[in-house]
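Using the hints provided, position chain H relative to the given structure of chain Y.
First to last, the sequence lines map onto chains Y and H. Per our numbering, residue 142 is the first one in the first sequence, and the count goes up by one each step. Per our numbering, residue 142 is the first one in the second sequence, and the count goes up by one each step.
Calculated directly from the structure, the hints in this document are not laboratory data. Careful, some of the hints might be misleading.
[Stated by the list, open to error] So these bits of chain H aren't anywhere near chain Y, every CB distance computed over 12 angstroms:
(1) 149
(2) 201
(3) 238
(4) 267
[Stated by the list, open to error] Quick list of in silico lysine to any residue cross-link-like pairs, SDA-like style, CA-CA up to 25 angstroms:
(5) H:211 / Y:199
(6) Y:211 / H:190
(7) Y:211 / H:154
(8) H:211 / H:156
(9) H:143 / H:190
(10) Y:211 / Y:272
(11) H:211 / Y:209
(12) H:211 / Y:258
By construction, the Cβ of each residue, glycine as well, lies at the ideal position given by its N, Cα and C atoms.
2 protein chains.
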Amino acid sequence: MKLDDDIRAFLDAPRGADLATINPDGSPQLSVIWYARRGDEVVVNTTAQRVKARNMDRDARVALLVGDPKRYVRLDGDARVVATGAEALADIRAHAVRYDGEESAARLTRAVWSTQDRVTYSIAVRRVYRYGFEES
Amino acid sequence: MKLDDDIRAFLDAPRGADLATINPDGSPQLSVIWYARRGDEVVVNTTAQRVKARNMDRDARVALLVGDPKRYVRLDGDARVVATGAEALADIRAHAVRYDGEESAARLTRAVWSTQDRVTYSIAVRRVYRYGFEES
Chain Y
142 MKLDDDIRAF
152 LDAPRGADLA
162 TINPDGSPQL
172 SVIWYARRGD
182 EVVVNTTAQR
192 VKARNMDRDA
202 RVALLVGDPK
212 RYVRLDGDAR
222 VVATGAEALA
232 DIRAHAVRYD
242 GEESAARLTR
252 AVWSTQDRVT
262 YSIAVRRVYR
272 YGFEES
Chain H
142 MKLDDDIRAF
152 LDAPRGADLA
162 TINPDGSPQL
172 SVIWYARRGD
182 EVVVNTTAQR
192 VKARNMDRDA
202 RVALLVGDPK
212 RYVRLDGDAR
222 VVATGAEALA
232 DIRAHAVRYD
242 GEESAARLTR
252 AVWSTQDRVT
262 YSIAVRRVYR
272 YGFEES
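Bound conformation, chain Y alone (with noise of 0.2 angstroms):
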């Protein structure tokens, strides 16, 4: 779906956000974590040993808090893979960057996440839901 203005707006200041997705055994599983709005869709970066990685190739359907307690939007919706490798070791860096700043991305980026094997997943939005917004 069409992500209006706003909300744009609201996900491309870098922001705290929490990601849900389902257990095997169907149990909820929530982590924090990094994203990026690309388009219409968001993306999130980890490895592909993580619980939350596993649990996206599994069950696609996740949710994802952005914001704080008096302001925040929720996303429903599904992620699937869209890199791997380079371009996701790319990725994870650019998030970093937005985040931290070029110097904490540089020094992760080699120390830690160029020997891990990092995916990138996109996730195509459901429904949107918002609190703390001004009426338009």
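Only chain H this time, still in chain Y's reference frame:
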């Protein structure tokens, strides 16, 4: 399970929290919620009609993420109803005092909550994941 002292102290500050429950179709549901620690459990309060309440009544498994991206605690557990009626109304009022102060709590209790069918759930914790804490 028994919560460590530093986890108890962390939960005792009124922090932002996201609650994940499971929808009837097996997809994840995410909500921003107030909570309070009660012994080794954590209580949350909502209305009986809300999706998250109906979800917890059907499938007790929840995940609660408390804090911010720099320092947070994730609790995986099972939710059960521990109060309804006047007792549950007193609980949401106490949460509001904790988060927003006495004046806001009194106003919202009068204007909103007193006409609702409130329910308090207590979450028995199965697992704790912590991030950003000092090594002890």
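A quick look at each hint next to the structure:
1. Interface exclusion of residue 149 (chain H) from chain Y stands, the closest Cβ pair being 20 angstroms apart, more than 12 angstroms.
2. At the 12 angstroms boundary, the C-beta of residue 201 (chain H) falls inside the reach of chain Y, the nearest C-beta of that chain being 10 angstroms off.
3. Distance to chain Y confirms residue 238 (chain H) as a non-interface residue, since its nearest Cβ pair spans about 16 angstroms, more than 12 angstroms.
4. For residue 267 (chain H), the non-interface assignment is contradicted: its Cβ lies about 9 angstroms from the closest Cβ of chain Y, within the 12 angstroms cut-off.
5. Our distance criterion of 25 angstroms between C-alpha atoms is broken by residue 211 (chain H) and residue 199 (chain Y), whose separation comes to about 29 angstroms.
6. Under the criterion of a C-alpha separation no larger than 25 angstroms, the hint pairing residue 211 (chain Y) with residue 190 (chain H) is consistent with the structure, at around 22 angstroms.
7. For the hint linking residue 211 (chain Y) to residue 154 (chain H), the alpha-carbon distance of about 17 angstroms falls within 25 angstroms, and the restraint holds.
8. Only pairs whose Cα atoms come within 25 angstroms are accepted, and residue 211 (chain H) paired with residue 156 (chain H) is accepted, the gap being roughly 13 angstroms.
9. A hinted pair counts as satisfied when its Cα atoms are at most 25 angstroms apart, and residue 143 (chain H) with residue 190 (chain H) does not qualify at roughly 31 angstroms.
10. With a CA separation close to 7 angstroms, the supplied pair residue 211 (chain Y) and residue 272 (chain Y) stays within the 25 angstroms bound.
11. The suggested pairing of residue 211 (chain H) with residue 209 (chain Y) holds, with an alpha-carbon distance near 14 angstroms, which does not exceed 25 angstroms.
12. Annotation: proposed proximity of residue 211 (chain H) to residue 258 (chain Y) holds, straight-line Cα distance about 24 angstroms (limit 25 angstroms).
Hint compliance for this structure: hints 2, 4, 5 and 9 are not met, and every other hint is.
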